[in-house]
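Student: Listed below, chain by chain, are the residues.
2 protein chains.
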Amino acid sequence: MNYNEMGEGGPPDRLGGSTGFLLAWVSAQAGERYGAALAAEGLNAHHVGVLTLLTGGPMPQSRLSERLGVFKPAMVGILRDLEGMGLVQRSPHPTDRRALEVHLLPEGRRRVQAIEAVNQRVTDEFFSPLTAGERDVFHRLLTKLAGRPPTKE
Amino acid sequence: MNYNEMGEGGPPDRLGGSTGFLLAWVSAQAGERYGAALAAEGLNAHHVGVLTLLTGGPMPQSRLSERLGVFKPAMVGILRDLEGMGLVQRSPHPTDRRALEVHLLPEGRRRVQAIEAVNQRVTDEFFSPLTAGERDVFHRLLTKLAGRPPTKE
DNA sequence: TATTGTTATACTCTATAACTATA
DNA sequence: TATAGTTATAGAGTATAACAATA
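Sequences listed follow chains A and B, in order.
Start counting the first sequence at 14; every next residue gets the next number (this note's numbering).
Start counting the second sequence at 14; every next residue gets the next number (this note's numbering).
Simulated from the structure, these hints should not be mistaken for lab results.
We treat Cβ as the ideally placed atom computed from N, Cα and C, and that holds for glycine.
Treat the hints loosely; a few may be bogus.
Unchecked claim - To give a feel for the contact side, a few chain A residues facing chain B, derived at Cβ under 10 Å: (1) G44; (2) Y47; (3) V83; (4) R148; (5) L154; (6) A159.
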């Protein structure tokens, strides 16, 4: 279902009453905006996922696949992109010669900061219908639904 | 990004702090559960969208495509499915001989009620981490984000 | 000339299989 | 025998093109 094309003003009346449907629709709208902002940077969600994970330190390619829920063949292309942009580097794993360890290059770290700025801007715009207090509540409720201990951004 | 495979307990730490990411992750989880429940009924989101829209009365095929944001060629298959299940019927449009008007059959109306029961059950389960009051708040905040006048389920 | 519904086709994403080189 | 990374391939899902019938 293409929630983004379902009408200009919002979801159809007869479907918009369900909380689950609303959740899907709002999330699709947000994804559309984030995606467009990232595309302007030449990146997609996969790229951002990899870069963000690597801020915690280098990681073998196989763990990146696991952590992001991306199949290994797809990860090959993602890393080729990022390496082509000079954002990451693949180097031999110190002990396992089958594996490649993926490092975040300085340019990649700068890009992560740029992404965070974009994220902040899009978030501020997207959640502008809510007051600051409402945003906190929304974040807290999402955290509860995600089944994690509540932590604030 | 396959948000459903990103770990059993929740989104990765380094990504889960952003409200936008949390929204995408929670929505993907919900979609996964709704999708599984619908699949057990032999339906998908497109089928449900069509059936739900038709509860308001018959509609030409072209308007169904518009309202659901589904391309016309895809709608052909969706309606073939639903007609095969005996849930809808396509009949000649009274005035425009190019068009086909799609009607909800009695069996289709019963199925809509079954879907609503499934929806209610999955919703209750999915939002069980929230109190009743929190669910209302969540629904209201989603409605504000969807840019519609607040209406309750 | 434009629109409805259809078929045919292309393109993107995602998933699986199979191969190599290691372990 | 199993795993890491790769290539090749298959499959959904989705978008476009083109057509016949009608407006």
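Student: Under the criterion of a CB-CB separation shorter than 10 Å, is G44 of chain A in contact with chain B as hinted?
Tutor: The hint holds - G44 of chain A has a Cβ within 10 Å of chain B, the shortest such distance being about 6 Å.
Student: Close enough to count: is the Cβ of L154 of chain A nearer than 10 Å to one in chain B?
Tutor: Holds, because the Cβ-Cβ distance from L154 of chain A to chain B comes to roughly 5 Å (cut-off 10 Å).
Student: Please check whether Y47 of chain A passes as an interface residue: C-beta within 10 Å of a C-beta belonging to chain B.
Tutor: holds (6 Å)
Student: Does the interface hint hold: is A159 of chain A within less than 10 Å of chain B, judged Cβ to Cβ?
Tutor: holds (5 Å)
Student: Against chain B, run the beta carbon of V83 of chain A and see if the smallest gap drops under 10 Å.
Tutor: Because about 7 Å separates V83 of chain A from the closest Cβ in chain B, which is inside the 10 Å limit, the hint holds.
Student: Taking the least C-beta to C-beta distance, is R148 of chain A closer than 10 Å to chain B?
Tutor: holds (7 Å)
When each numbered hint is compared with the structure, no violation occurs for any of them.
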